[in-house]
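Enquirer: Protein sequences appear in the order of chains A and B.
Counted from 1, the first sequence has number 74 at position 74 by the numbering used here; the numbering is strictly sequential.
Counted from 1, the second sequence has number 210 at position 100 by the numbering used here; the numbering is strictly sequential.
Treat the hints as calculated values from the structure; they're not laboratory data.
Take the hints with a grain of salt, since some may be wrong.
[What the hints assert, rightly or not] Examples of chain B residues lying across from chain A (beta carbon under 8 Å, computed):
| id | residue |
| --- | --- |
| 1 | Tyr143 |
| 2 | Met151 |
| 3 | Gly152 |
| 4 | Leu153 |
| 5 | Tyr158 |
| 6 | Ala162 |
| 7 | Asp183 |
| 8 | Phe200 |
| 9 | Phe214 |
| 10 | Gln216 |
| 11 | Gly217 |
| 12 | Leu220 |
[As the list claims (entries may be wrong)] If we take Cβ atoms under 10 Å as the criterion, some of the chain B residues that face chain A in the derived model are:
| id | residue |
| --- | --- |
| 13 | Val114 |
| 14 | Gln147 |
| 15 | Gly150 |
| 16 | Leu155 |
| 17 | Asp166 |
| 18 | Arg187 |
| 19 | Glu189 |
| 20 | Ser194 |
| 21 | Gln195 |
| 22 | Val198 |
| 23 | Leu205 |
| 24 | Ala212 |
[Stated by the list, open to error] Have a look at the derived ranges for each label pair, beta carbon to beta carbon:
| id | chain 1 | residue 1 | chain 2 | residue 2 | range |
| --- | --- | --- | --- | --- | --- |
| 25 | B | Lys124 | A | Glu57 | 46 to 54 Å |
| 26 | B | Ala162 | A | Tyr51 | 22 to 30 Å |
| 27 | A | Gly16 | B | Gly150 | 23 to 31 Å |
| 28 | B | Asp136 | A | Gly41 | 20 to 28 Å |
| 29 | A | Thr95 | B | Lys119 | 28 to 36 Å |
| 30 | B | Ile164 | A | Ser26 | 21 to 29 Å |
No experiment lies behind these values; they were computed from the predicted model shown.
All residues carry an ideal CB built from backbone N, CA and C; glycine is no exception.
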Amino acid sequence: QKEVEQNSGPLSVPEGAIASLNCTYSDRGSQSFFWYRQYSGKSPELIMFIYSNGDKEDGRFTAQLNKASQYVSLLIRDSQPSDSATYLCAVTGATNKLIFGTGTLLAVQP
Amino acid sequence: NAGVTQTPKFRILKIGQSMTLQCTQDMNHNYMYWYRQDPGMGLKLIYYSVGAGITDKGEVPNGYNVSRSTTEDFPLRLELAAPSQTSVYFCASSLSEANTEAFFGQGTRLTVV
């Protein structure tokens, strides 16, 4: 079982819609959870992090964490074509390792 | 603001050759990481370090070595290059492992032929 799993996509949504990206993790000791965005040919950049159960909102982005289900998600409201990228879920725990999932490719259609 | 600097940006190696990918950061971060990213895939952790003099293996360490003699520098060594090591390599650093952003270098595109 992979430590961090994501659906590779592509996830296609129309402009203005809500994009929902999901991630599951295997280590129950995981403590911090991150969403990174990576444009093609570029380096990953942080969108949000979350470490407590529940929701965390930042502008059009909402991260949701459910530790009991070992599940973290990212919602993007009012999706824009500029949001088209690969979204990487990452997790850290007691081992200090920052482990990434394989990423979900999001395509926002104008 | 330099942040995380990787060199070189591109490199072609012949099978069996060796090379060192350089990574340096000027943010006084304790944590540093090396990842590889194959086409259409996520980032796989090769090695990481939580401070000068301390390194540990990640998910895919075979064929690589690292050292961390200073806080700033975290070079990645490939001893006997193989075609399977063709990839894009990213170095990253963060202040700690929890609730802090990891900053990435621009990446090194390595081809082994």
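Enquirer: Enumerate the violated hints, using their earlier numbering and listing them in ascending order.
Expert: 6, 7, 12, 18, 19, 20, 21 and 23
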